Amino acid sequence: MTAIIEIQGVCKAYGGVVANKEVSMEIKSGGITGLIGPNGSGKTTLFNSVVGYHPIDAGSIKFEGKEISKLQVQDIARLGLLRTFQQTRIYGLMNGVENMLISLPHRKMNLWDALKPNSKEDYEKADRLLEFVGLYEKRLLKSGDLSFGQQKLLEFAMALMNEPTCLLLDEPTAGINPTLINGLIDRLKRANAEFGITLFIIEHNMRVIMNMADTIYCMAHGEMLAQGTPDEIQNDQRVIDAYLGAH
Amino acid sequence: MAKKKLILYALILVFTFIAPFAFPAYGTQLATLWLMIIVAITWDMTGGQMGYNSLGNIFFYGTGMYVAALISIGQVYDVGEYTSAAGGGIYEFTDAQYFSGLFLGVIGAGIFCSITAVLIGYITFGLRGPYFAIGTLAVAIAAGELVSNWEWVGGGQGIALPVYPGDFDVGKIFFYFLFASVGVSVFIFVKWLYGTRFGAAINAIRDDEEKAEAMGIHTLRYKLITWAMAAFFVGMAGGISGFQLIHFEPLETAYQTINLGIFMVVCVLLGGKGTLWGPVVGAILFHLFKEVTWTYFLGWQWVALGALIVVTVVYFQDGLMGWLMHKRPHWFGIRVEESK
Amino acid sequence: MDQILSNLSLLVEFPIVNLKILIDGIMIGAIFVLVAYGLALVWGVMNVKNLAQGDFVISGGYVSWWLVQQGFPALLGVPVAFVVMWGVGWVAYKLVISRVIERDLFTSLLATFGLAIMMAQILNLMFGSDTQSVDLGYDTLFFADELIDVPIAKLIGVLMATVLAASVIWFMKTSRMGQAIRATAQDARAARVMGIDTEKVYAFTFSLNSAICGAAGAIIVMVWLIQPFYGIAYAIRAFVIVTAAGLGNLPGVIAAGLGIGALEQFGSHIFGIGYQQAIAVVLLLIVLIIRLIQQKRNRQVLK
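Protein chains in written order, with this note's numbering: chain Z, 14 to 260; chain W, 3 to 342; chain D, 974 to 1276.
Isolated chain Z (complex conformation) (with noise of 0.2 Å):
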């Protein structure tokens, strides 16, 4: 498989704190894989960088052969590069149906496109994924009054609407009960098959991480520490010593 986002050498630094030190990863295409590390280690700083939302004070990063690490975050986004939000971020005022039609790939639009009503296939669509996430009977809800969980869930189905290429996921798990997350874990691992996209996703939870992703990356203290498939990382020395503090 073909790597779809390479990082080279990525070092970003916020003052004197060391946040990434030449970390280096390969994702690759059509696969799922996972970004793990004890808190502090620099996984959402990384991530940040990927996506656009600060400079990187050295290093490469490409997405699909292009250098990305100096482009903003909406043009990143228009090359298929999509990221959810720990925090969950949705258009709290506009119902269901209508986040996931606002979600439509813009960079796929021109003006006069932009310009036309949202069209049956539109509405399809939409209901489509909003069923395929679960939401369909919340659909026409003001979406800042569902639930936290649920609110995750219609942004996953937003990023879905948006058919990129690779899809980066801050924590999915986070704040959802045990319940719920079995649902998830399902619908990405799905997402992935059916509809091809690449996952790279930071996470927390080891049980989930490990059932979903091919390959997994560990940093601590700000360096790439580790990378294997879920097996060899889960017996890699490195790894727990780092998750339990031995230095």
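Just so you know, these hints were derived from the structure itself, not from any lab.
Only a predicted model underlies this, so the values are computations on that prediction, with no experimental measurement involved.
Ideal placement from N, C-alpha and C gives every residue a C-beta, glycine not left out.
Heads up, some of the hints might be wrong.
[Said to hold, decoys possible] Which bits of chain W does chain D cover? Going by a derived footprint, with three or more residues having C-beta under 8 Å, they are: (1) 119–131; (2) 141–148; (3) 258–272; (4) 303–314.
Given chain Z, put chains W and D in place with the hints provided.
Only chains W and D this time, still in chain Z's reference frame:
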């Protein structure tokens, strides 16, 4: 559209048409009401619908006024000469010149303001929230100050335009219809626009711009186009105003930041930000308030106005339409789940 | 254009004139610094961007002017204006500001704008729209062959401004209220949890700002001019300073304030007095653009 709604709109249109004939004494006030409606609706395009609260839309009003005047004067006389004579006496315009100048000028004003909006927007739309408001206010004030030092366009004296060729009362009706047609056009325009994907996109920008960017929406493109469209209508309104007022000055009339500039915001707040009828209803309410205070509280009207702004902002944030949406959400198609 | 060139050439021919303009600018700039400090204080503590700042200044000026009309010595105007405007600020806070603190930023901006309009109009009704000033009748010091004139009144003004600024800063550093204010500025919720009455802090801060503005206005009426509608210009200058220097940056505020004063004087000398108001606004736009470019390098926007 549902039959009932169509009939309602038709009635409103008929009323719009006969109003100046039915109430001839209020001709100018009705025209001003339409002006308020125009600036309110256009303010809401970027403000209530898109979340960018501009305090400088009056810039387009003033610029439109000047551009229209310059185009109409310029097609007959040398502008520099005309303005330095302060329009005194010898500059005659034939009827044909007056009307062609007016129409060309107004259209030209609209187009010029649209283009200006796109150019200025590149800078102002990098600013968010209060910085956008202050930045746009600064643009409007700067324009007023700089223009008042520019002799070619009349400097601090402003410009005097020719009077309407014909009966004075006919002129009042003429200007009423000019404003009303722009007003009706902008209303129909936004009614259509808010139902398209474009409308949804600018709502998304308002609700969470970072999210919209992260989803790949061309936020800058939408922002520029929206402001350009608003500027088009405001520019035209400014152009028409110039001819209606006959004489205008840069700071008091054209770039009146603390008068019309802030009125447009209050209108929308009163009526309800981000709704279709809010700006219209608000403009009507505000116009009534203004007429009443000007007549009965002369001397204190400005204080009353400032107080209205403060009270509206503090207590009636959602405006009339907002209040209605809260009380009767189903009128607006909003579903509320029964609490369990 | 010719006028501009001849003005410029004057500066080149007589370099000493540059010094005069610079001194004038710095002296008036000192007062801008005071006003900007107050704006930054309210901004930092309550996140309210007070567009009525300039009108508080002008109001203070009128308090002092009115006193002088009644026969009181002019210098008394400064402390009296301080106290009177403290009260005005407190009332404004209770009636208006307190209700918009927790809301979105446009609301507080509009509310203060409405307040600004009201104040300017009330002043206009009370005192008329002529410009006013107070003549202290002091001598002028002359330097460099009478090319540089420094009215003693202006020097006193700058001195008073400096003393006031120093007192406020000392107060903020040492007093308990000063500490409470700084704590609230950093994290209002944490301050409340620690037992600080944030409502009192807010009222105090806003009143303090209003008082500072009032004193500044009283100084201005002695060394310059006031007029009911000059307020917005002061507000804009204060915004320019705070935006250029950043909120917590006191030396930056001082530098920016003196800088604006100087730039305005140079600008009005070179371009003509009619451009005086325009300069502040244009500076604001320039500062905003510079900040924008800086943020863009960080892949961010100006919030």
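Against the structure, the hints come out as follows:
For a cut-off of 8 Å, the count of residues in the region 119–131 of chain W with a CB near a CB of chain D stands at 5, and the three-residue condition holds. Note: the region 141–148 of chain W has 5 residues with beta-carbon separation from chain D under 8 Å; the three-residue rule is met and the coverage holds. Residues of the region 258–272 of chain W with a Cβ under 8 Å from some Cβ of chain D number 4, which satisfies the need for three, so the listed coverage holds. Under a criterion of three residues with beta carbons nearer than 8 Å to beta carbons of chain D, the stated coverage of the region 303–314 of chain W is upheld, 8 such residues being counted.
Figure legend: structure checked against the earlier numbered hints; every hint is met.
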